Each structure stands twice: as C-alpha cells, then as structure tokens.
Amino acid sequence: MSCKKWKKKLSSYLDNEVSSRERSKIEKHLKSCRACFNQFKQLERVHRLVQSIQPEKPRPGFYERLSERLCQKKTTLREKLVAWRYGWQLSFPGVGKIAIAVSAVLLVSVSFYIWRSATSYEVNIKVFEEEYFRSQQMNSFVGELALPVFFEIE
Amino acid sequence: MQYSDEELVERYGAGDGESFRMLVERYQDRVYHIVYGIVGNKDEAEDLSQEVFLRVYRFLHRFKGKSRFYTWLYRLTVNVCLSARRKRKNEPGKIFSLADSSKYGDDPGEIELADESFSPLKVLQNREMAETIKSAINSLSEVLKSTFVLREFEELSYEELTRVFQCSKGTIKSRLSRAREQLRRKIEPYLNGTV
Ligand SMILES: [Zn+2]
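Respectively, the protein sequence lines represent chains A and B.
In the numbering used here, each residue's number is its place in the first sequence (first place is 1) plus 186.
In the numbering used here, each residue's number is its place in the second sequence (first place is 1) plus 8.
Just so you know, the hints here were simulated from the structure itself, not pulled from any lab data.
What you are looking at is a predicted structure, and each value in this text was computed from that prediction instead of being measured.
Careful, some of the hints might be misleading.
Okay, the calculated bits of chain B under chain A, using three or more residues with CB under 8 Å as the criterion [to be verified]:
(1) 81-92
(2) 139-152
(3) 190-196
A virtual CB, placed ideally from N, CA and C, is assigned to each residue, including glycine.
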C-alpha cells in the first residue's frame, strides 16, 4: 500500500476508530516509515492544540433572552390570527367596505321592490324607506368596527 | 434530582414547561460552542444558538427518541448553521468569503489557550497559535468544519456523527481526514516548538 493510503487512515487511527487488525497494521507501518510517522505526530499536535482552545460561552442570561424571543414569536402568531379573522376588513379600505355594504343593501331592496311591483302594483314607499334607514345604520356599524383594527401585519 | 435528557423531553411532552428551561440550560454552552466553531463570530453565534432552541421548542414533539437527544439537537444545530450560511451566501452584496471570516477580528484578546504557565511570551505565542488554529478551522468548508467541530469539541463518536449527518461512516472518516490534513498544512509552519 502506498503512503498516501496510509496517511488517509491516520485520522481514524488518531480517533481510535479503527479495528484492532487495522491498528496493528498502521502501527507496523508507522514504525518503518519516517514520513508517515512525522505526519502522524503533526496531526497529533494539531489535535492537542485544538483541544486546548478555550470553549466560547454565551453571555449570561441566555435563557432570558431566549424566552423573550419566544414570547415575541407567540405574540406575532396571535396577531396573525386576529389579522386573519379581520382580514377581509383590512383588505378593503373604509370607503370600499361601505360601498360593498350599500350595494348589498341596494341589491336586496331593489329585488324586494321589483318582487313587490311584480306581485302587486302598489309601491310601498314606507317599507323602502325603512329598509334604507336600516342600511344606513348598518353602514355606520361596519365602519366603526373596522376602524380600531388597523395594526401592522407582519 | 438530575433528570436524564430523555426524561426531560418526556416531561416537556406532558406539558411541563420547566423541563424546556432545564434542557436549554444543560445544552446552551455546548450548542453555542459548536455554532461559534462553525460561524466564527459572536453575534451570529448568539443569534443562531437561540434559533436552535426556538426550533427545539417548536419541534421537540417530533423527537421520537429513536436516537439520543443530543444527536438530534446537534443535527438541528448543524442544520441551522448551514442554512444560515447558505442564506448569507445568496444575499446580494453580502457574499460570504472565507478570506473575510478567516480573521477573528471581533476580539482576539479573549481567545486563549488553556495555559498553566505565566510567561508573557508563552501566553502571547499561545494566543497567536490559537488565532492561527481558529482561522485555519474557519477556512474549512462548512461541511468539513461542522463534522470536525462536533468531533473535536463534543467528542462525538463516528457512529454518532453518522446519525447527525445521516451519512456513512466512510464519509465521516474521509471528512475528518481531509479536515485534519488541511489544518495540518495550514498550521505546519507554526508547529515547530509547540507541545
Ligand atoms: Zn508511509
């Protein structure tokens, strides 16, 4: 076997991760080959130097900082949920919402009016007025609900 | 009473929040040390170590106890580091260069070798040596570096490393051999006169 192949095994030998048969073969080669022996000694030194490096530690209060981040994550999740629930309100501006509500009410009223005029020729202004008045109340209610939910979505 | 990792995981699963804290406190130094070994800078090490535990919090229920807790944790740690590196490489204008990170510019004074002697010259030499070694480690490719760091810092067995990296023992052997050979070549000029 060439030295190149032996040299590849030196790292596992250093880690004691070779079979006993392989180990004795490697040791035999190291006794007879100066180049491989020197390389092994250098690898050993590098290993010892790496081992002697002081481990880096986090600043004190690691857990406290972590739980702060955990709380933030939970809040944004909850915020997203709320935002999703009111999503349709946030996705239309106030005027748009009123427009949607008004057209819905108008559609209902007009269909009602057409149905009434189709069944009887009598035009009931009073019912129409009441319907219109109710729709006005509804608009202001929708508008109020939409206003305070303007917070930032992530 | 000292709970085992697995007991803590079980208690966490049963709704005991305190056991999460105990797991964090048991592993924070080790995780930080590994992350620092891979990314080579303190701010990023803090941020990514926290990211590791945020993921532990989120994914601990997926840990089925087929392997030891720490191999699962270290796999998560390596994943967090490598994906952060990948992300950074892909960020325009923030191209990660090994040359930039090979210098531990943040605070060289704090990197020291465990040294029993008080000879100022020796301390200085050791500091320089520690610097050299750290920048040599940092110049390794991400995958070689993570394998090397887990072996050298955490002394994981080859068997455990195969579980962390989900690869064969042959791959682990070859990675460690390449990592050490690259380090040896880089450090060789400084090796005379040490230990
Ligand atoms: Zn040889």
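Against the structure, the hints:
1. 81-92: violated (count 0)
2. 139-152: That given contact holds, which follows from 3 residues of the segment 139-152 of chain B lying within Cβ reach (below 8 Å) of chain A.
3. 190-196: Holds, because 4 residues of the segment 190-196 of chain B bring their Cβ atoms closer than 8 Å to Cβ atoms of chain A.
Checked against the numbered hints given earlier, the structure breaks only hint 1 and satisfies all the rest.
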